[in-house]
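Those protein sequences? They're chains A and B, same order as listed. First residue of the first sequence? That's 36 in this note's numbering, and the numbers climb one at a time after it. First residue of the second sequence? That's 269 in this note's numbering, and the numbers climb one at a time after it.
Honestly, the hints are just simulated from the structure, not real lab data. No residue lacks a Cβ here, since even glycine has one placed at the ideal position from N, Cα and C. Accuracy of the hints is not assured; some may be wrong.
Stated by the list, open to error - Some chain B residues near chain A, calculated using beta-carbon distances under 8 Å: (1) G300; (2) D301; (3) R304; (4) R310; (5) M320; (6) S352; (7) D362; (8) Q421; (9) P424; (10) T432; (11) G522; (12) I523; (13) N525; (14) H527; (15) R531.
Stated by the list, open to error - Across the chosen pairs, the derived CB separations fall in these ranges: (16) W344(A) x A297(B): 29 to 39 Å; (17) E192(A) x V283(B): 35 to 45 Å; (18) S260(A) x R304(B): 50 to 60 Å; (19) I281(B) x G304(A): 49 to 59 Å; (20) I281(B) x D241(A): 41 to 51 Å; (21) D327(A) x P501(B): 51 to 61 Å; (22) W344(A) x I281(B): 16 to 26 Å; (23) R304(B) x Q505(A): 15 to 25 Å; (24) A431(A) x D437(B): 25 to 35 Å.
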Amino acid sequence: MRGARSAKWVAGAIAVALAASACGGDDGDDGEDGASEGSGEGIVRIDGGEPQNALIPTNTNEQFGALVIQNVFSKLVDFADDGSTFTVAAESVEANEDNSLWTITLKDGWTFHDGTPVTAESYVNAWNWAANIQNEQNNAFWFADIVGYEDVHPEEEGAEPTAETMSGLAVVDDLTFTIELTTPVSYYDYKLGYDAFTPLPESFYDDPEAFGESPVGNGPYEFVSWEHEETIELARYEDYQGDNAAQNGGIQIQAYDSLETAYTDLQSGNLDIIRQVAPRDLPLYRQDLGEDRSVAQPYNGIQTITPVWYEWDATDNPAQVLQGVSMAIDRETITQTVLNGSRFPADSYLPPGVYGYQENADGTITDFNPEEAQRLVEEGGGVPDDRLVIQYNADADHQEWVEAVCNSVIEVLDIECVGDPLVDFATDLEAREAGEVQSMYRGGWFADYPLNVNFLKELYASYAHSNYGQFDSPEVDALFAEGDAAADLDATVAAYQEAEQLLFEQMPSIPLWFNAVNGGWGPNVDNVVFNSAGQPILTDVTVSE
Amino acid sequence: MGRYVARRLLQMIPVFIGSTFIIFMMMYALPGDPIRALWGERAPDHAQMAAMREELGLNDHILKQYWDYLLGLLQGDFGTQIRSRREVTEVIGDALPATLRLTVMAFSIIVVVGIGLGLVAGLRAGRKTDTAILFVTLLLISLPVFVIGYLYQTYPGQQWGWITPVVQDSENWGDLLLPALALASLSLAYVARLTRSSIVENRRADYMRTAKAKGLTRTRAVRVHLLRNSLIPVVTFLGVNLGELMTGAIVTEGIFNIHGIGRLVYSALNEREGATVVGVVSFVIVVYLVVALIVDLLYAVLDPRIRYA
Numbered sequence: 036m037r038g039a040r041s042a043k044w045v046a047g048a049i050a051v052a053l054a055a056s057a058c059g060g061d062d063g064d065d066g067e068d069g070a071s072e073g074s075g076e077g078i079v080r081i082d083g084g085e086p087q088n089a090l091i092p093t094n095t096n097e098q099f100g101a102l103v104i105q106n107v108f109s110k111l112v113d114f115a116d117d118g119s120t121f122t123v124a125a126e127s128v129e130a131n132e133d134n135s136l137w138t139i140t141l142k143d144g145w146t147f148h149d150g151t152p153v154t155a156e157s158y159v160n161a162w163n164w165a166a167n168i169q170n171e172q173n174n175a176f177w178f179a180d181i182v183g184y185e186d187v188h189p190e191e192e193g194a195e196p197t198a199e200t201m202s203g204l205a206v207v208d209d210l211t212f213t214i215e216l217t218t219p220v221s222y223y224d225y226k227l228g229y230d231a232f233t234p235l236p237e238s239f240y241d242d243p244e245a246f247g248e249s250p251v252g253n254g255p256y257e258f259v260s261w262e263h264e265e266t267i268e269l270a271r272y273e274d275y276q277g278d279n280a281a282q283n284g285g286i287q288i289q290a291y292d293s294l295e296t297a298y299t300d301l302q303s304g305n306l307d308i309i310r311q312v313a314p315r316d317l318p319l320y321r322q323d324l325g326e327d328r329s330v331a332q333p334y335n336g337i338q339t340i341t342p343v344w345y346e347w348d349a350t351d352n353p354a355q356v357l358q359g360v361s362m363a364i365d366r367e368t369i370t371q372t373v374l375n376g377s378r379f380p381a382d383s384y385l386p387p388g389v390y391g392y393q394e395n396a397d398g399t400i401t402d403f404n405p406e407e408a409q410r411l412v413e414e415g416g417g418v419p420d421d422r423l424v425i426q427y428n429a430d431a432d433h434q435e436w437v438e439a440v441c442n443s444v445i446e447v448l449d450i451e452c453v454g455d456p457l458v459d460f461a462t463d464l465e466a467r468e469a470g471e472v473q474s475m476y477r478g479g480w481f482a483d484y485p486l487n488v489n490f491l492k493e494l495y496a497s498y499a500h501s502n503y504g505q506f507d508s509p510e511v512d513a514l515f516a517e518g519d520a521a522a523d524l525d526a527t528v529a530a531y532q533e534a535e536q537l538l539f540e541q542m543p544s545i546p547l548w549f550n551a552v553n554g555g556w557g558p559n560v561d562n563v564v565f566n567s568a569g570q571p572i573l574t575d576v577t578v579s580e
Numbered sequence: 269m270g271r272y273v274a275r276r277l278l279q280m281i282p283v284f285i286g287s288t289f290i291i292f293m294m295m296y297a298l299p300g301d302p303i304r305a306l307w308g309e310r311a312p313d314h315a316q317m318a319a320m321r322e323e324l325g326l327n328d329h330i331l332k333q334y335w336d337y338l339l340g341l342l343q344g345d346f347g348t349q350i351r352s353r354r355e356v357t358e359v360i361g362d363a364l365p366a367t368l369r370l371t372v373m374a375f376s377i378i379v380v381v382g383i384g385l386g387l388v389a390g391l392r393a394g395r396k397t398d399t400a401i402l403f404v405t406l407l408l409i410s411l412p413v414f415v416i417g418y419l420y421q422t423y424p425g426q427q428w429g430w431i432t433p434v435v436q437d438s439e440n441w442g443d444l445l446l447p448a449l450a451l452a453s454l455s456l457a458y459v460a461r462l463t464r465s466s467i468v469e470n471r472r473a474d475y476m477r478t479a480k481a482k483g484l485t486r487t488r489a490v491r492v493h494l495l496r497n498s499l500i501p502v503v504t505f506l507g508v509n510l511g512e513l514m515t516g517a518i519v520t521e522g523i524f525n526i527h528g529i530g531r532l533v534y535s536a537l538n539e540r541e542g543a544t545v546v547g548v549v550s551f552v553i554v555v556y557l558v559v560a561l562i563v564d565l566l567y568a569v570l571d572p573r574i575r576y577a
């Protein structure tokens, strides 16, 4: 019986473990958390997730990290709802006559959360550090306009940087520095509104890794703690000098794996703000929460379907055919039914919150018009092989609208139309880069900065990387070049607006709809406003009780 | 006995190496480049991509990469994540407590309620109690786990307000009750069915008649002889089930927002975080192997005729 006895011991251990768990099970039941919130000092609980990168402004390029960075750091300039800029941490941002030298003057008296002053050096050193290839920052390319960038970030693979600093950045005095650009950019202040252009305190350089776990910024909130995959806590920074000081005691960002769960938590009072409700809850959320506690408004993102010209060139007049296909899509119905109001029909290549937006830029090309659609497609020589294939990534909610678009096209044009789901976004991108798209792909673009340049040049210039459709139009390129060389912002915007008109004649892609933010908030909080980037302005939120 | 255990432990080594190798290769074969994905739709920075590949050792031959990985494992180094640059051991360590708590709770429910129901049904085979239990268990088996999950969340959680519908704090046992119940429901029903049929079969066995003949009370006969002999198939099922509970809780974890092992593998797979996937799977393999050993040892406890030399 020797064997049996030792095995009994094993069984005994299991029994003890089970008993222990049973005891543990009891004490949890009475542990209901009584969230006590003092008035004015209340904490805003908002949905979020696990940031993918260390929390350094120049390394964060996804929404969950950005939610932290944008509240812990204050940018030099920020954007109003119409896409115009206003200064935050900067006193002024001024260009010289030909827009090649920008002078930044900082507001006096600002401090980092560790108490050290924010100076011109805090900016210059931070940007030099981030641009250096050895520090492998995801947003390093944002500094590529600055003179000396290729010295710290050589283009060649395996090359070592030849300098420690970019010669284009110069500190003038404690609160002033200048940025020299390789080529004049009349809208460089728009780029300065990106998260990467923020300062870092002296303490950062001692241990960047530790900083990434616990960032110290110059913004309205100071970082408190990060419990991985669970919560991130921010507290109001009492010595904040900016105009947008926090009206609440702090923010608690709760990680959710699914938006459905976050919505359930919002309804049961365990969450204050949800930034986007799940497709499941779209039909009813405005009724559930009330019109005054929910929002559905477009933000600076657009969805398109983009033809690949290596497949479309076979047709006599591809642009005309694509105009026809565009008119065969019933955007109004699809956004209302299949997409449940989570998108707004597009009438332009850029959303309304972007500076330079022209209402009805398209004329009638995005209107649903079956007769005209049939005529245009027929006259243009027809869709190649009478078959549309829309490539998309299956790891996001695209299948339903792709099918709806196809059904609309099939009904009007009587051609074949199918979706081509690729497992995920990375695979989708690879197929696009390799030039293996069968006919069209799903395109999406979100504003880096709300200016029409960003929505046009990055996608439709013949040399643009993200121009996966290989659209190549000398006229459009020429207008882009004219805009880039323009003396001031308005002239730049005007040239790009002209280019946008031309795009509707050449159809490098079919605009479908603008992204919408479908957010909501609970009875605990007030003054919740979402900006044109689709994010709630957290500093303005007040907490009652 | 000691020798048997030692032999089994030694056998684990090739199984472990083989399975991690397969997983490693599968991750490698997946389309989609995690480094390229860091740039999204933007123009990738080829110089920086090269530098990152070099640093993470992704330029080496795949077999060399695997060898380095194995060497690291031996020293307790599971590698680092590509995006966050966090240690995989730390990432797993963060996800593990929630999963362990959930597993322990669900498993206890399965064992206690499942075997209990099966025993009652088996002893009252053919009567009303048996039919009632049959009905309940069939219902549980036929409902997919997400239906059960949402039902639990909606009624006791949201509508009646008895309990928080979404886990607020994964260290809180009370919060974990609903997901544990949802997770346990299906297996519980299986265990009840298995126990019942086993009991019904053994009730008429010779040893039961002997036990009665030698004057044992009914309780003692059932407890010492009948139940013990009937548990062998159930224990086998429970062993496999334990491994499933630890990793297969993706759906339940998603519904109740528990950041456990299941969700970790799922998101790591989506983000092509190879080191994390292989790390978690290696860990799960060890769990399965150990549980299988314990199950085999338990056979000897349950049935004295089984001996391990």
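Hint by hint, here is what the structure shows:
| no. | hint | in the structure |
| --- | --- | --- |
| 1 | G300 | holds (3 Å) |
| 2 | D301 | holds (6 Å) |
| 3 | R304 | holds (7 Å) |
| 4 | R310 | holds (7 Å) |
| 5 | M320 | holds (6 Å) |
| 6 | S352 | holds (6 Å) |
| 7 | D362 | holds (5 Å) |
| 8 | Q421 | holds (6 Å) |
| 9 | P424 | violated (12 Å) |
| 10 | T432 | holds (7 Å) |
| 11 | G522 | holds (5 Å) |
| 12 | I523 | holds (7 Å) |
| 13 | N525 | holds (4 Å) |
| 14 | H527 | holds (4 Å) |
| 15 | R531 | holds (5 Å) |
| 16 | W344(A) x A297(B): 29 to 39 Å | holds (32 Å) |
| 17 | E192(A) x V283(B): 35 to 45 Å | holds (41 Å) |
| 18 | S260(A) x R304(B): 50 to 60 Å | violated (33 Å) |
| 19 | I281(B) x G304(A): 49 to 59 Å | holds (52 Å) |
| 20 | I281(B) x D241(A): 41 to 51 Å | holds (44 Å) |
| 21 | D327(A) x P501(B): 51 to 61 Å | holds (60 Å) |
| 22 | W344(A) x I281(B): 16 to 26 Å | violated (56 Å) |
| 23 | R304(B) x Q505(A): 15 to 25 Å | holds (19 Å) |
| 24 | A431(A) x D437(B): 25 to 35 Å | holds (30 Å) |
The structure does not agree with the numbered hints 9, 18, 22 stated previously, though it agrees with the rest.
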